[in-house]
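Listed below, chain by chain, are the residues.
2 protein chains.
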Amino acid sequence: MYNISGDTMIKHPIPKKTYKKAVNKSNMGMTLESDIEATNQYYLDMNIAVIYKKPTPIQVVNVNYPKRSMAKITEAYYKTPSTTDFNGIYKGKYIDFDVKETNSKTSIPLSNIHPHQVEHLRSVEAHGGIAFLIVHWKYYDEHYYLPCSILLQYYDNVKKGGRKSIPYQTFKENAYLIPFSLNPRLDYLSVIRSLSLV
Amino acid sequence: MYNISGDTMIKHPIPKKTYKKAVNKSNMGMTLESDIEATNQYYLDMNIAVIYKKPTPIQVVNVNYPKRSMAKITEAYYKTPSTTDFNGIYKGKYIDFDVKETNSKTSIPLSNIHPHQVEHLRSVEAHGGIAFLIVHWKYYDEHYYLPCSILLQYYDNVKKGGRKSIPYQTFKENAYLIPFSLNPRLDYLSVIRSLSLV
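Heads up: the sequence lines are chains A and B, in that order.
Quick note, the first sequence lines up with residues 390 to 587 if you use our numbering.
Quick note, the second sequence lines up with residues 390 to 587 if you use our numbering.
Some hints here could point you the wrong way.
Because identical chains share one entry, a pair is satisfied inside a single copy or across any pair of copies.
[To be verified] Listed next, the in silico DSBU-like pairs over lysine-lysine satisfying Cα-Cα at most 30 angstroms (straight line):
{"hint": "1", "residue 1": "468", "residue 2": "456"}
{"hint": "2", "residue 1": "489", "residue 2": "456"}
{"hint": "3", "residue 1": "442", "residue 2": "468"}
{"hint": "4", "residue 1": "442", "residue 2": "494"}
{"hint": "5", "residue 1": "468", "residue 2": "561"}
{"hint": "6", "residue 1": "548", "residue 2": "456"}
{"hint": "7", "residue 1": "548", "residue 2": "461"}
{"hint": "8", "residue 1": "494", "residue 2": "553"}
{"hint": "9", "residue 1": "489", "residue 2": "468"}
{"hint": "10", "residue 1": "456", "residue 2": "480"}
{"hint": "11", "residue 1": "549", "residue 2": "456"}
{"hint": "12", "residue 1": "442", "residue 2": "461"}
{"hint": "13", "residue 1": "443", "residue 2": "480"}
{"hint": "14", "residue 1": "489", "residue 2": "561"}
{"hint": "15", "residue 1": "553", "residue 2": "489"}
{"hint": "16", "residue 1": "489", "residue 2": "442"}
{"hint": "17", "residue 1": "442", "residue 2": "480"}
{"hint": "18", "residue 1": "468", "residue 2": "527"}
{"hint": "19", "residue 1": "527", "residue 2": "561"}
{"hint": "20", "residue 1": "443", "residue 2": "456"}
{"hint": "21", "residue 1": "461", "residue 2": "443"}
Calculated from the structure, these hints are not laboratory results.
On a predicted model such as this, the values are computed, not experimentally measured, just so you know.
One chain only, chain A, in its complex shape:
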């Protein structure tokens, strides 16, 4: 048992290697996500847009009631999300996106994006919303706004025998670099404005 709050109560000690692996896995993308969350908070505070991260979907199996007023979940599992992580409204427009990051220097595998996330973004676009991915290239420390249309182009091409990843070169040429600053940290709405989507 791994207590994230720091005070330990080890019942089933886990070999250090597994433990480390697990921690790394659960922290993957945390910096990017918190950068986006800080940006969204800025948008909210400045009354620019209302965009939130959806809670992580969890399947609750057991609930305990140590007090009448308190439900303590004692067994639960992470579920695969059915949609993307972020959505909201900007200048009357519906906004929907997910964030991904890669250590690669050359390409991001399409396997990083769940098929149902791709299909979700596709229908958002079909219904007139603004759908995209934010991709963090950790090696270059660059964040790109990748329009849904380019994602779909690569994704749909796999069935026709196309490559299973999107090259960095495509980002350089067809995606949009998101400016990184102190506040807002990742001003992705500036890309939407520059594309005249709102």
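Fit chain B to the known structure of chain A by using the hints.
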């Protein structure tokens, strides 16, 4: 410990009364919510709109790794949601709402709606989205679409000494009855169309 999957593993037996109370509490609004979820599925299947329920926010405290590939949450708690439960896109418009139900014959207390939910709906409207509540009057078995503006009218009036609930009469006169049918079960988008909001 209460195992919702049916197979029991009672570690801390709970007096029957508390147990029942807990179950009732956690099931509160489940029928209404599942009616809305079935409706949203219908909208999705028919390619009418893309509207989802957000996952319930849960604060994870302890995670256990029985297998390398599996994270088992062993301690977690329900958190108060910061926004409403449902949002999505319909004909290019951002849609945002919450569902409430009441057993009362006469009025629904404003305390049923969290202040941050009200403020969230207020900013959605301010940014050009469609914000509302769906209220199920169980006694009458009627479902109403209550525009955000009416909710705000009552909510903002409390500070000026106004009543702390919205009367049923207001629903009869100023809200919109949502048709109930087999499929879609609660066609709330028909109200939005009839109000020419899209």
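Checked hints:
For a Cα distance limit of 30 angstroms, the shortest separation of residue 468 from residue 456 qualifies both inside one copy, at 28 angstroms, and across copies, at 16 angstroms. Taking CA atoms no more than 30 angstroms apart as the test, residue 489 paired with residue 456 passes between copies only; the shortest distance there is 25 angstroms, against 40 angstroms inside one copy. In the homo-oligomer, the alpha carbons of residue 442 and residue 468 lie at most 30 angstroms apart both inside one protomer (16 angstroms) and across protomers (15 angstroms), since each shortest distance falls under that limit. For a Cα distance limit of 30 angstroms, the shortest separation of residue 442 from residue 494 inside one copy, 28 angstroms, qualifies, whereas the shortest one across copies, 37 angstroms, does not.
For the homomeric pair residue 468 and residue 561, neither the shortest alpha-carbon distance inside one copy (34 angstroms) nor that between copies (41 angstroms) is at most 30 angstroms. Taking the shortest alpha-carbon separations for residue 548 and residue 456, neither the intra-copy value of 54 angstroms nor the inter-copy value of 34 angstroms comes in at or below 30 angstroms. Neither within a single protomer nor between protomers do residue 548 and residue 461 lie at most 30 angstroms apart by alpha-carbon distance, with minima of 46 angstroms and 35 angstroms respectively. For the identical chains of this complex, residue 494 and residue 553 are intra-copy neighbours only, at 16 angstroms inside a copy versus 59 angstroms across copies, given an alpha-carbon limit of 30 angstroms.
Taking the shortest alpha-carbon separations for residue 489 and residue 468, both the intra-copy value of 18 angstroms and the inter-copy value of 26 angstroms come in at or below 30 angstroms. Taking the shortest Cα distances, residue 456 and residue 480 never come within 30 angstroms of each other, neither inside one copy (45 angstroms) nor across copies (46 angstroms). In the homo-oligomer, the alpha carbons of residue 549 and residue 456 never lie at most 30 angstroms apart, since the shortest distance is 58 angstroms inside one protomer and 37 angstroms across protomers. Taking the shortest alpha-carbon separations for residue 442 and residue 461, both the intra-copy value of 24 angstroms and the inter-copy value of 23 angstroms come in at or below 30 angstroms.
When the C-alpha separation of residue 443 and residue 480 is checked against a cutoff of 30 angstroms, the pair qualifies both within a copy, at 20 angstroms, and between copies, at 22 angstroms. Taking the shortest alpha-carbon separations for residue 489 and residue 561, only the intra-copy value of 16 angstroms comes in at or below 30 angstroms, while the best inter-copy value is 48 angstroms. Proximity of residue 553 to residue 489 under the C-alpha cut-off of 30 angstroms is restricted to the intra-copy arrangement: shortest distance 16 angstroms within a copy versus 45 angstroms between copies. For a Cα distance limit of 30 angstroms, the shortest separation of residue 489 from residue 442 qualifies both inside one copy, at 14 angstroms, and across copies, at 23 angstroms.
Within a single copy, residue 442 and residue 480 get their C-alpha atoms as close as 18 angstroms, and across copies as close as 23 angstroms, so both meet the 30 angstroms cut-off. Only within a single protomer do residue 468 and residue 527 lie at most 30 angstroms apart by alpha-carbon distance; the minimum there is 26 angstroms, versus 32 angstroms between protomers. In the homo-oligomer, the alpha carbons of residue 527 and residue 561 lie at most 30 angstroms apart inside one protomer (14 angstroms), although the nearest pairing across protomers, at 57 angstroms, exceeds that limit. Proximity of residue 443 and residue 456 under a CA criterion of 30 angstroms is satisfied in both settings, with 29 angstroms inside one chain copy and 27 angstroms between copies.
In this assembly of identical chains, the alpha carbons of residue 461 and residue 443 lie at most 30 angstroms apart whether taken from the same copy (22 angstroms) or from different copies (21 angstroms).
In the structure shown, a violation is registered for the earlier hints numbered 5, 6, 7, 10, 11, in ascending order.
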